[in-house]
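Since the structure of chain V is provided, determine the placement of chain D on it from the hints.
Protein chains in written order, with our numbering: chain V, 166 to 585; chain D, 166 to 585.
One thing to keep in mind: the hints can contain errors.
[Stated by the list, open to error] Using C-beta positions, here's what the derived DEER-type ranges look like:
1) V:Gln215 with D:Thr264: 29 to 37 Å
2) D:Glu266 with V:Ile250: 19 to 27 Å
3) D:Lys429 with V:Glu377: 47 to 55 Å
4) V:Leu170 with D:Val332: 50 to 58 Å
[As the list claims (entries may be wrong)] In silico DSBU-like links for lysine-lysine, alpha-carbon gap of 35 Å or less:
5) V:Lys452 with D:Lys581
6) V:Lys429 with D:Lys581
7) V:Lys312 with D:Lys380
8) D:Lys177 with D:Lys326
9) D:Lys273 with D:Lys177
10) D:Lys429 with V:Lys190
11) D:Lys429 with V:Lys380
12) D:Lys429 with D:Lys273
13) D:Lys380 with V:Lys190
14) D:Lys312 with V:Lys380
15) V:Lys323 with V:Lys312
16) D:Lys429 with V:Lys177
17) V:Lys380 with D:Lys452
18) D:Lys429 with V:Lys273
19) D:Lys312 with V:Lys273
20) D:Lys273 with V:Lys273
21) D:Lys273 with V:Lys177
22) D:Lys452 with V:Lys581
Derived from the structure by calculation, the hints contain no laboratory data. C-beta atoms are modelled at their ideal positions from N, C-alpha and C, and glycine is treated no differently.
Number of protein chains: 2
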Amino acid sequence: MRSTLEILQAAKQATASLCLLTTDKKNAALEAMASALLGAANNILAANAQDVEASRARLGEVMVDRLTLTSARIEGMAQGIRALIDLPDPVGRVIDSHTREDGLRIEKIGVPMGVVAIIYESRPNVTSDAAALALKSGNVCVLRGGKEAYRSAAAIVKAMKSGLRTVGLDENLIQLVEDTTRESATTLMEAVGYVDLLIPRGGAGLIRTCVERAKVPVIQTGTGICHVYVDASADYDMALSILENAKTSRPSVCNACEVCLVHKDIAADFLPRLDERLATLRAENGKPAVTFRCDAASLSLMPHGMAAGADDFDTEFLDYILAVRVVDDVQAAIEHIAAHSTGHSEAIISRDEEAITRFTTAVDSAAVYVNASTRFTDGGELGLGCEMGISTQKLHARGPMGLCELTTYKYVIRGKGHVR
Amino acid sequence: MRSTLEILQAAKQATASLCLLTTDKKNAALEAMASALLGAANNILAANAQDVEASRARLGEVMVDRLTLTSARIEGMAQGIRALIDLPDPVGRVIDSHTREDGLRIEKIGVPMGVVAIIYESRPNVTSDAAALALKSGNVCVLRGGKEAYRSAAAIVKAMKSGLRTVGLDENLIQLVEDTTRESATTLMEAVGYVDLLIPRGGAGLIRTCVERAKVPVIQTGTGICHVYVDASADYDMALSILENAKTSRPSVCNACEVCLVHKDIAADFLPRLDERLATLRAENGKPAVTFRCDAASLSLMPHGMAAGADDFDTEFLDYILAVRVVDDVQAAIEHIAAHSTGHSEAIISRDEEAITRFTTAVDSAAVYVNASTRFTDGGELGLGCEMGISTQKLHARGPMGLCELTTYKYVIRGKGHVR
Numbered sequence: 166m167r168s169t170l171e172i173l174q175a176a177k178q179a180t181a182s183l184c185l186l187t188t189d190k191k192n193a194a195l196e197a198m199a200s201a202l203l204g205a206a207n208n209i210l211a212a213n214a215q216d217v218e219a220s221r222a223r224l225g226e227v228m229v230d231r232l233t234l235t236s237a238r239i240e241g242m243a244q245g246i247r248a249l250i251d252l253p254d255p256v257g258r259v260i261d262s263h264t265r266e267d268g269l270r271i272e273k274i275g276v277p278m279g280v281v282a283i284i285y286e287s288r289p290n291v292t293s294d295a296a297a298l299a300l301k302s303g304n305v306c307v308l309r310g311g312k313e314a315y316r317s318a319a320a321i322v323k324a325m326k327s328g329l330r331t332v333g334l335d336e337n338l339i340q341l342v343e344d345t346t347r348e349s350a351t352t353l354m355e356a357v358g359y360v361d362l363l364i365p366r367g368g369a370g371l372i373r374t375c376v377e378r379a380k381v382p383v384i385q386t387g388t389g390i391c392h393v394y395v396d397a398s399a400d401y402d403m404a405l406s407i408l409e410n411a412k413t414s415r416p417s418v419c420n421a422c423e424v425c426l427v428h429k430d431i432a433a434d435f436l437p438r439l440d441e442r443l444a445t446l447r448a449e450n451g452k453p454a455v456t457f458r459c460d461a462a463s464l465s466l467m468p469h470g471m472a473a474g475a476d477d478f479d480t481e482f483l484d485y486i487l488a489v490r491v492v493d494d495v496q497a498a499i500e501h502i503a504a505h506s507t508g509h510s511e512a513i514i515s516r517d518e519e520a521i522t523r524f525t526t527a528v529d530s531a532a533v534y535v536n537a538s539t540r541f542t543d544g545g546e547l548g549l550g551c552e553m554g555i556s557t558q559k560l561h562a563r564g565p566m567g568l569c570e571l572t573t574y575k576y577v578i579r580g581k582g583h584v585r
Numbered sequence: 166m167r168s169t170l171e172i173l174q175a176a177k178q179a180t181a182s183l184c185l186l187t188t189d190k191k192n193a194a195l196e197a198m199a200s201a202l203l204g205a206a207n208n209i210l211a212a213n214a215q216d217v218e219a220s221r222a223r224l225g226e227v228m229v230d231r232l233t234l235t236s237a238r239i240e241g242m243a244q245g246i247r248a249l250i251d252l253p254d255p256v257g258r259v260i261d262s263h264t265r266e267d268g269l270r271i272e273k274i275g276v277p278m279g280v281v282a283i284i285y286e287s288r289p290n291v292t293s294d295a296a297a298l299a300l301k302s303g304n305v306c307v308l309r310g311g312k313e314a315y316r317s318a319a320a321i322v323k324a325m326k327s328g329l330r331t332v333g334l335d336e337n338l339i340q341l342v343e344d345t346t347r348e349s350a351t352t353l354m355e356a357v358g359y360v361d362l363l364i365p366r367g368g369a370g371l372i373r374t375c376v377e378r379a380k381v382p383v384i385q386t387g388t389g390i391c392h393v394y395v396d397a398s399a400d401y402d403m404a405l406s407i408l409e410n411a412k413t414s415r416p417s418v419c420n421a422c423e424v425c426l427v428h429k430d431i432a433a434d435f436l437p438r439l440d441e442r443l444a445t446l447r448a449e450n451g452k453p454a455v456t457f458r459c460d461a462a463s464l465s466l467m468p469h470g471m472a473a474g475a476d477d478f479d480t481e482f483l484d485y486i487l488a489v490r491v492v493d494d495v496q497a498a499i500e501h502i503a504a505h506s507t508g509h510s511e512a513i514i515s516r517d518e519e520a521i522t523r524f525t526t527a528v529d530s531a532a533v534y535v536n537a538s539t540r541f542t543d544g545g546e547l548g549l550g551c552e553m554g555i556s557t558q559k560l561h562a563r564g565p566m567g568l569c570e571l572t573t574y575k576y577v578i579r580g581k582g583h584v585r
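Looking at chain V on its own, in the form it has when it is part of the complex (with noise of 0.2 Å):
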């Protein structure tokens, strides 16, 4: 096994060579990582069949399913790195440049991180899209997966080098940390010199074990305890249908709705209907049915409520629960958030401009919806055409990460003599 310091020694020294690279061998190395998955398809299966059946004792089933790789999903790997072959090289663009009066021109261009380490949990998709993402921002990765996912990780990496070699490319652009203790993960975090960026992307546990713990320049991505605020003047059948997707869509996923707040002059006629919406309706036509965790003022309203407990305005749900609480304004809206987001998405709901304005001014998240549903909060969705996760922190970037925001800018300044 090689050990933590060696993969991150040979990270370092393969960035020189990753800098130098152009756009059309980056794009021709990701179709090869591409084929080469596809190629290697049934080796990583069999890999994360042993993965699977190691862990199916241990893990609940959504972790089984998370961890589980079928054709399908290897097909979708493949195509998740093709889909960055299009996108723009952000290594190279020039962000902002001017020439002084004096001659002296200054360019401001867009550079990579360097070494890009990634901690997860057991999804292997994430491997392969963390690989393709670092090499076309011009990073060089360092990989540490869940102990679970080790073997798919392993197989998948393995053919993606191999991808590599075939367009004569250094196979250590991409690096696997072959000790799945608790040590490398350590030793990442504390590796000073050597890793530029560290993005952890998994559960909350690990994201502030990163946070408090690391030395190394950190980017947090995750939590979304996501509000949608329904204002006094809001369109009901448009708050209806907004709450119903942003709640149910998808609930699993970092930009699902948890809270839901209603200004006091409509509640006793909204949210009677949010609840024959999301619990009633959804009920008769055979749907996840949405139970709701009330403040005292919308539990007597909701049939489906139940009195909200001293967390479930701070919680996560994930699931098919909706905390509901009665505000006095736009400005208590914006006051809850303030002391209950993780700053992930929230929405607000109105036809009332200046309740808008405010809302849109004062809350302080990575994106704020007038009108819209929070689960727009995507790469895909806000135009970046990818991401490698969701920044809920205000350093370098918020909100989706896609490949610009794995790069770092410099400014390159020519003169011809130039002295101060």
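Here is chain D on its own, set in the frame of chain V:
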């Protein structure tokens, strides 16, 4: 004395009012802060005299000079604040926008970080600079200056707060940490949920401590081991003029050159001229002469050279000292820089476009110069108009940090009932 936690709570609370301020209001506040500073000049000078008196025995001459205020310096501080009035407001700027085919409108908008904490040392002007930059960029600042400058900082902050009051603003927008023990610095570093960005400004020790210990987002500033590489194709006169400027125009600053790398083919020709220009001629003209710390190959070529010690290629001299090394070619220069640079500023002096492209592509520093002095790495010189410090990290901001670099962004997305 207010505790640091109380100060952080007041700062966080004050962010809510700041994000709603118009540009005009912020500019009026800056003008009022500058006027109040000038109006309080006598109080500030008296407080500063006490600081200087108390520290004179303990501090060296350079430190006493840094700490000492004069009427002219206070005038300069007021001018520094007023200079921000004409700069564009980074808050609310539309960084990117598009409307999807389905009508969903996506805007990426510049917004404040929230609370920006600055830990600095003895220069009193940092107090007013940082407060003014934070205000214009919509941030509440928490200032934690050095113990030896506390009376000066308190007098400056008192004046600026009175300025805020004259235009009807909350004086909590500017916070001075009252505890000047190490404990308050630690509190700031660990204030997750209160501090959105921590900027250490000072010596290498302070910066290292912040990077290693902070749990809040940090931007590393300052240390500059800057290199000038003289290629075989260089114009000698240009190289000499750039090296003299980069080394001697202000040796105490972070963008001064500390190391000269010379291509082996011209070493015998060029290095004696460099010695003459920076040592002999300067001495003859009554200017401080440069001394050289030479590798084996350059030592015999430089009459004012001495053999370099083990650390001389990893030292920020901040003095009339230049380390000199002969390298095989541009690739060897790139590798030396990769091993020894702090990622601040490096220059190539060359007429060979291939060597230039190789250097600008492969050197991974905030600013890479072609035929120009490293001394231009400065917010004013590069067109940012001002600066909070020079970032030597890659996350978020690189090089000089102006007003935009003190902001983050959010997506504001408007629909008409859009669901996914």
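Right, here's what the structure says about each hint:
1. The supplied range of 29 to 37 Å is broken by Gln215 of chain V and Thr264 of chain D, whose beta-carbon atoms lie about 49 Å from each other.
2. Checking the proposed 19 to 27 Å range against Glu266 of chain D and Ile250 of chain V shows it holds: the Cβ atoms sit about 23 Å from each other.
3. At roughly 49 Å, the beta carbons of Lys429 of chain D and Glu377 of chain V sit within the given window of 47 to 55 Å.
4. Look at Leu170 of chain V against Val332 of chain D: about 56 Å separates their beta carbons, and that is inside 50 to 58 Å.
5. Straight-line distance between C-alpha atoms of Lys452 of chain V and Lys581 of chain D comes to about 26 Å, which keeps the hinted pair within the 35 Å bound.
6. Restraint check: the Cα-Cα separation between Lys429 of chain V and Lys581 of chain D comes to about 23 Å, which is no more than 35 Å; the hinted pair holds.
7. Taking the CA atoms of Lys312 of chain V and Lys380 of chain D, the gap is near 27 Å; set against the 35 Å cutoff, the hint holds.
8. Under the criterion of a C-alpha separation no larger than 35 Å, the hint pairing Lys177 of chain D with Lys326 of chain D is consistent with the structure, at around 17 Å.
9. Restraint check: the Cα-Cα separation between Lys273 of chain D and Lys177 of chain D comes to about 24 Å, which is no more than 35 Å; the hinted pair holds.
10. Taken as a hint, the Lys429 of chain D and Lys190 of chain V pair is honoured in the structure, with Cα atoms around 33 Å apart against an allowance of 35 Å.
11. For the hint pairing Lys429 of chain D with Lys380 of chain V, the CA-to-CA distance comes to about 39 Å; that exceeds 35 Å, so the pair is violated.
12. For a cut-off of 35 Å, the pair hint linking Lys429 of chain D to Lys273 of chain D is broken: about 50 Å separates their Cα positions.
13. As the CA atoms of Lys380 of chain D and Lys190 of chain V are separated by approximately 39 Å, the hinted pair breaks the 35 Å bound.
14. Note on Lys312 of chain D and Lys380 of chain V: the hinted pairing holds, with a Cα-Cα distance of about 27 Å set against a maximum of 35 Å.
15. Distance restraint check for Lys323 of chain V and Lys312 of chain V: the Cα-Cα separation of roughly 17 Å lies within the 35 Å cut-off, and the hinted pair is therefore satisfied.
16. Between Lys429 of chain D and Lys177 of chain V the alpha-carbon distance is near 28 Å, which keeps this suggested pair within the 35 Å criterion.
17. Only pairs whose Cα atoms come within 35 Å are accepted, and Lys380 of chain V paired with Lys452 of chain D is rejected, the gap being roughly 44 Å.
18. A distance of roughly 31 Å separates the Cα atoms of Lys429 of chain D and Lys273 of chain V; the hinted pair therefore holds under the 35 Å criterion.
19. Distance restraint check for Lys312 of chain D and Lys273 of chain V: the Cα-Cα separation of roughly 38 Å exceeds the 35 Å cut-off, and the hinted pair is therefore not satisfied.
20. Proposed proximity of Lys273 of chain D and Lys273 of chain V is supported: the alpha carbons are some 20 Å apart, at most 35 Å.
21. Between Lys273 of chain D and Lys177 of chain V the alpha-carbon distance is near 33 Å, which keeps this suggested pair within the 35 Å criterion.
22. Taking the CA atoms of Lys452 of chain D and Lys581 of chain V, the gap is about 26 Å. The hint holds against a cut of 35 Å.
In terms of the numbered hints stated before, the structure departs from hints 1, 11, 12, 13, 17, 19, listed from lowest to highest.
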